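Visitor: Okay, here's what each chain looks like letter by letter:
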Amino acid sequence: MTAMAQPSRASALLHERGRLPVVVLGAVGLFASLAMAFLHVAPNRLLSGHPASPHIALLAAAWLVTVAAGFWRGGALFALLLTLGLPFLAGHDAARLLQHAPPTTRIQLGAGFWTLWLAAALLLLDRLRHLRIAWRVAAWLFIVAACVAGAMAGAFSDLGLVREWQAQRGAFTDALATHVTLSLVTLGIALAAGAPLGYLAWRKRRAGGAVLGVLAFLQTVPSLALFALLIGPFAWLARAWPALGALGFGGTGAAPAVFALVLYALLPVVRYTVAGLDAVPADAREAARGLGMTRGQVLLGIQLPLGWPVLLAGLRIVAVQTIGLAAVAALIGAGGMGRFVFLGIGQGATDMVLLGTLAIIVLALAADLLFQGLMAFTGRRA
Amino acid sequence: MIEFDHVHKAFGNHVVIEDLSLRVEDGEFFVLVGPSGSGKSTLLRTVNRLTHIDRGQVRVHGKDVATQPIEALRRGIGYAIQSVGLFPHRTVAENIAAVPHLLRWPQKQIDERVAELMALLKLDEPGMADRYPDTLSGGQAQRVGVARALAARPKIVLMDEPFGALDPLTRESLQASVKAIQKETGTTILFVTHDMDEAFRLGDRVALMLDGRLAQVGTPLELIRSPADERVNEFVGGTRAYLRELAVRCVRDSMRRDESADGDAIAPGATLQEALGLMLEKRRDRLAVAGGGAILLADIVARPR
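As given, the protein sequences belong to chains G and B, one line each in that order.
Here the first sequence is numbered in the working numbering, starting from 430 and rising by one per residue.
Here the second sequence is numbered in the working numbering, starting from 35 and rising by one per residue.
Keep in mind the hints are simulated off the structure, nothing from the lab.
From a predicted model like this one, the values you see are computed outputs, not experimental measurements.
Please note: incorrect hints may appear among the correct ones.
Computed beta-carbon distance windows for the label pairs [to be verified]:
1. G:L629 - B:G311: 44 to 52 Å
2. B:D164 - G:V791: 52 to 60 Å
3. G:L629 - B:R138: 28 to 36 Å
4. G:L613 - B:P202: 56 to 64 Å
From the three backbone atoms N, C-alpha and C, an ideal C-beta is built for every residue, glycine too.
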């Protein structure tokens with residue numbers, strides 16, 4: 430009896446009330462606390478340094494407490510404290526490590542920090558799952574607000590990442606603006622071209638299949654190759670029509686970058702437009718026509734409001750995809766956050782690469798949140 | 035008035051309507067009945083041009099529908115379908131107001147008309163106007179669908195198996211509502227169904243459609259008593275046709291005014307089917323008729339005068 434009950438009890442421990450994520454994240458976090466470097470101390474911004482983990486015991490203990498709490502009701506609170514505490518601890522440690530170091534010394538965040546932070550955030554996400562949406566939003570807003578307040582008070586100013594940002598503040602702001610502009614223009618053009626294309630593809634199924642096929646093929650061309658392939662034709666265009674060249678059109682720069690990004694964005698826009706139109710009940714459309722609505726009235730009054738949620742979900746994906754792909758556009762001189770990434774790689778400056786990457790991630794997350802908010806706001810009644 | 039003049043329609047090689055001519059009079063409740071695939075729905079949809087015909091002409095109020103602006107034509111004709119097709123993002127009131135809204139009626143007039151229709155179709159539960167279609171029962175949704183078809187007071191209403199998906203009780207109640215409204219307003223209704231009982235209960239005249247052709251057109255009694263051929267007879271129900279006949283005939287027309295009976299009285303407007311049911315329930319062969327007179331089992335069985 431007892432021998433048979435044993436494995437089932439073990440599996441109950443894992444599966445009951447979704448404990449599996451807690452156990453897995455617990456193992457990952459503990460490994461990161463004990464075996465991975467929390468920080469790196471480098472002699473300057475270009476050289477790699479030696480690992481420094483001043484608080485192995487504290488981290489391991491805090492992590493164990495958090496995971497243990499994850500099995501009971503306080504899990505969310507402890508995960509929140511840990512997610513919030515890790516960056517502050519890193520900032521504090523960086524200040525201490527810099528005290529007797531030469532001024533060029535840089536404190537880089539190590540793999541241990543990132544792994545722990547990610548694990549803590551995932552744990553928080555998991556523990557918040559059962560709570561109301563208002564609590565979830567409040568928890569994340571609290572973390573963001575506390576981090577921003579800490580940053581303003583200078584809690585992180587000794588970290589290499591922040592130093593890098595301070596050194597390049599002007600260039601960073603420009604790149605951010607360029608990145609956002611590139612993404613917005615791409616999204617605008619893709620929507621303006623893709624939505625009508627999607628409508629046509631939906632009305633004429635056979636032609637639609639061909640359109641989707643071509644766009645799907647374009648999607649398989651690696652982004653780097655597409656950017657490179659466009660240099661020739663765009664340079665030729667600029668030479669053939671000097672007026673275009675005067676507008677900033679050329680083999681490199683924003684024009685070919687936006688063109689390539691639009692090509693990538695078109696497939697999801699067209700596909701989700703078709704899906705959105707398919708989501709409209711056929712009988713409602715039939716009744717609308719039968720009652721004497723014009724095609725335009727059916728489109729604006731019936732199909733758009735009913736297909737809108739699907740289209741919006743598609744635009745959310747397109748926005749996130751475009752923000753990510755726009756990084757590659759830096760390679761053909763379009764600017765954007767990709768510049769930091771590629772310059773950083775070229776110089777071997779890890780913090781610079783990280784700065785660009787983090788900015789892109791934050792941008793993508795912000796876009797994602799914006800679209801989620803829009804979807805919640807327009808609601809199911811649209 | 036709707037006139038079909040040598041209408042012909044084929045989908046590819048498959049002929050759906052073959053050289054069909056028919057005239058539906060003003061104020062008539064006209065039912066097209068037939069098995070699925072007989073072309074009855076297609077014929078109905080040629081009237082508001084949801085289906086385009088290959089040859090022939092369809093005229094509404096004497097004018098060829100093909101020459102009229104399509105939206106104006108459709109806004110002048112009510113349209114209700116089996117799947118109802120309510121707009122899920124609009125409230126009950128907004129759904130009903132669809133056509134008046136398209137016709138740019140003043141808002142006050144629209145509100146009045148919506149309230150009137152909701153009362154007429156027994157949609158007078160409190161808060162009903164602001165509910166969304168997904169909160170309605172099947173019967174309520176179809177009532178809204180019918181109200182929407184009637185909203186702009188069209189002279190002609192097309193109904194394509196509107197009650198096909200409803201349970202028998204709900205269906206009967208809706209049939210009664212529609213029949214009463216039609217009688218009161220004198221609207222011309224062209225109604226498609228595959229249900230013989232429904233056709234005989236509702237129709238002033240019934241057309242049985244088989245394989246794209248009209249097998250017989252006439253009043254329900256004409257179809258029951260003198261079917262044109264064996265196939266019509268089969269569809270009308272053979273010996274069961276006489277049971278159907280009871281649902282069409284009235285107590286008033288078969289009763290004896292000079293006799294009397296004991297017990298509860300039956301209304302003179304009730305059908306013979308209801309009278310027979312009551313006799314079976316009471317185990318009696320004679321019933322009193324309200325307002326004097328009686329009806330006997332023999333009167334029900336007898337060949338009508």
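Visitor: Each hint should be assessed against the structure and marked as holding or not.
Guide: Here's how the hints hold up against the structure:
Distance hint for G:L629 and B:G311: a CB-CB separation of about 59 Å, inconsistent with the stated range 44 to 52 Å. Here the CB-CB span from B:D164 to G:V791 is close to 42 Å, at odds with the stated 52 to 60 Å. Taking the beta carbon of each, G:L629 and B:R138 are about 31 Å apart, inside 28 to 36 Å as hinted. A beta carbon spacing of about 59 Å between G:L613 and B:P202 agrees with the range 56 to 64 Å that was offered as a hint.
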